[in-house]
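Undergrad: Listed below are the residues making up each chain.
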Amino acid sequence: MAIELAGITYRYAGASRASLGPLDLSVAPGRVLGVAGANESGKTTLCLVTAGLAPAVVGGKLEGSVRVDGADAAGLKPHELAQRCGMLFQNPSTQLSGTTATVFEETAFGPANLGLALEDVLERTWWALRAVGIEGLAPRDPARLSGGQSQLVALAGVLALRPRYLILDEPTSELDPAGTALVADALVRVARETGAGILLVEHKTEVLARIAAEMVVLARGRAALSGPATEVLGDPRLAELGVEAPARMRLERELRAAGVEWTAALDEALA
Amino acid sequence: MPAATPSPAAAATSSPAAPAAPPSGGLPDYVTRRPRGFYRAMNPATKLAIAALEIVAAFLVPGWPGPIAVLLILVALGLATHTLRGLAIIGLSASPLVISILLVNLFLLPGATDPILRLGPLAPTWSGLAFGAITTARLLAFSSAIALVYLTTPIDDLLADLSRRGVGRRGVFVVGAAVQMVPRTVARAAEIVDAQRARGMDTEGHVLRRARGVLPLAAPVVFGALTEVEERALALEARAFSAPGRQTLLRVPGDPAGDRVLRWAALLGIVVVVALRISGRVG
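Line order of the protein sequences matches chains A and B.
Quick note: to get the numbering used here, add 322 to the position in the first sequence (first position is 1).
In terms of the numbering used here, the second sequence has 188 at position 192, counting the first letter as 1, and numbering is strictly consecutive.
Chain B extracted, bound-state conformation (with noise of 0.2 angstroms):
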């Protein structure tokens, strides 16, 4: 069978794969460079546990204040970041959710007697209202803080960041992948979309036509991205993703002694937090 034999192309060298020249540089500043400004500057350890006491405040806190406040300090925080804006899409995009629990806890919140008003069978109570507005306001606060950290950190930084604290390499890739996840199957969505609209299928208009477009929308996307885990654990392999020990990192973002404090900080107070309910000083 054929031993190849050098190409024109090939035969200028016959040297194995080595650098023809030395190299033309460090760390770009571009892998260096640190995201600036309040709140984004600091270390995305640091934010996570920030977003962490804001999750157990919102939820542990009973009644409104815990909500409330923890959604006026995001709030804030959105309005010096320069997120407000993300912030409001992504709790946009929780709307569907957070309709369903408000109706469900309006019309069916259990032991609640005092209706609103009477609709035939049907009678939304005040406590139901109240009780679906705060949990609305708990998982606002929720998706919300979670988001802040999205918006304010970049990806990299996060995932440097885990990897220096000793978080393995398949902890870290799937945490990154996980990110990634979402707007890669945004965009596998809107071409599958477009792929049905070109073969004819109506996506558009009345509420049952879209329903009828779900399953071979669903399908594919599923298929596909099922698929692309195989090619993609394939490819990792190929680039030695599972060498022993640990990698070298590019990027170190900084950890100074205030990030430090704010973070012991924040995880005092979560078992603050968490001490006070448990022992019923607070709700």
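Isolated chain A, as found in the complex (with noise of 0.2 angstroms):
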């Protein structure tokens, strides 16, 4: 039972050369993988790929296999791969629907799609705001929500379909500190009461290294690090590879480096 991406390579339509791979990955149910790399690494490929969304409703050409669950998702239609794979993408305002008066509503839009019974479309509406901790927006109008907010309901509106997955693509890159707090308390939690296999693709390594035991930082496509998320934040390389560690870790390194031992003092300190 995963996501199981194995030898992908895919490329946009009209592309010379290929966005993604050659590349294998797999992410199972309650685990988080994170994803990190430079612009243009591949990253929002990869999600669109692993969701589902490319090539099946993006175009291109997808070489290797994407499997959920043992099933092949080719041969799943975008309202199935929905309901496995709930995807999250960068922009809060583009991905609501824009058409519901209030933050009940807009989760409710995806079951709703379903065409479930009404019961069901409640029980999944309100399990989901209750597990990204937004019970208390509901009744608000969704136009009017800050960013960190809008991604909260965007969140709930993904998880509202019950996705075994969750497919994040760096859910954070528009929020400022305290929606990105916001959304990272959100995704821990999430991580902790659906046990959904998440992959978080994230340009902020301190969210990374929060919720991620596991990491992969592509280049040009390709797997460039990967392994526990503490080892691939901590290798000395990667800097060369666009990605920033955690301040943490930038500067126990310098310290270390400058002869002064890290001590859990430092920690509370910085806690």
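Since no wrong hints were added, every one of them can be taken at face value.
Simulated coverage check for chain B against chain A, where a stretch passes if three residues somewhere in it have a Cβ under 8 angstroms from a Cβ of chain A:
1. 169 to 180
2. 236 to 244
If you want the footprint, here are the derived chain A segments under chain B, 3+ residues with CB under 8 angstroms:
3. 397 to 407
4. 423 to 437
5. 478 to 487
Here are the computed distance ranges between Cβ atoms for each label pair:
6. GLU187/B - ALA500/A: 15 to 23 angstroms
7. GLY336/A - ALA84/B: 45 to 53 angstroms
8. ARG273/B - GLY336/A: 47 to 55 angstroms
9. GLU187/B - GLU402/A: 32 to 40 angstroms
10. ALA229/B - ALA337/A: 14 to 22 angstroms
11. ALA561/A - GLU187/B: 29 to 37 angstroms
12. LEU592/A - ASP198/B: 41 to 49 angstroms
13. SER91/B - GLY336/A: 41 to 49 angstroms
FYI, nobody ran anything at the bench for these hints, they're computed from the structure.
Idealized CB from N, CA, C, for every residue including glycine.
Two chains, two frames, a set of hints: combine them into the complex.
TA: Printed below as a string of structure tokens:
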């Protein structure tokens, strides 16, 4: 039971070279895989391919296989895939439907699309709002939320489809520090309470250090580094790959280089 | 390649996404609550039928009586529903179009031979002024009839009613997106104006100076909107928008007998006005 990408190579329509691959990767339920990389390293493409939107919706050519719990993603329709792999995009404003009057209805948009019985739609909606911790926002107008709040509503909307896996494409990239903290807290809660497998693409390595156990760093569509998150984030090659290590790790490295021992007191002070 | 190990956060539970607790409630009252008051409480389809009758009457009843009567009715409805200010703002926003219609007809109405005065080669005419004023009144009646529906109807109620009446989800979404597009585009344009000002562009003052700022404003608005469409399409697919069958409706606008009678009366009124016009009994 996992999302498994085996030997995949993806090329956008009209592109002269592949944007992704060759690449092998898997995400099991209950696990969080962080993905980092410089701009145009293939992160968003990886998300689209993993969620089955490329090539099904985006077009282009995919080689290799994407299997979701053993089923070939190419054989699944977008709405079937959406119930297995929920995808959250970068921009909170474009992933809300824009046709609902309340956060509650926005969250219910996905289950309602499935034509489920009203009781099921309501149950899923309340559950998703609670899982993200935004029950209090339910009566609000989605058009009048902050960026962080909008991203949480979008996350709840995806969760309401009950996917076994979540594909999160830089969910905090357009958010300020307060919005980033809001979304990161919610992701920790979602990972803990839903047991979904999460593929988290993120520039902000502080967020990855907090949530992901394993990490991949992409460079030109391929995995340049991979392994446990703490090891990858501490790898000296990270900067060459266009990824900045978390501030705490950089500070620790500099202090050690200067001959200062890292102590628990410093950890407490930073916390 | 990595098979991710359980994260400290996720390791607490390894079951697939499923509710950890029973649902906390049914349909909230802020979803089921219907608008109250005269006209506002009507079914959206009834309001649309009335608006259609108003528009047909304004355009097909010849001369002043049609558009003036419709405008008077709309002003009365605006007063009764406390939307007169909104109607006035929407009417004012059409002023560039109104002024251009008046000027074109005033000076250039074909066949007009009753000049008000002569200004060199230009000769504004009484019949041009009258035709321009009637056309303007009709356009105002048209925009006000639509605006009144917009100002008194929650968009969700309209979409839910369309869906209930069998309009496909794509059609319903197009209507909803179109209604929301105007405020979204205005907000985007305001952001771009601010950004261009921050980069030193002068967007105030003389007309020519403003005109020079149109392209740097319009291009990002148009291209941004096109990019947004692509992102929205992907996001919709990720939310099962293309699933087969009918959507589940959370809100179902009421449709009492009085509304149905009114709707049929409005539709009958449209047929009567069209028939009278075609038969030549009016006009």
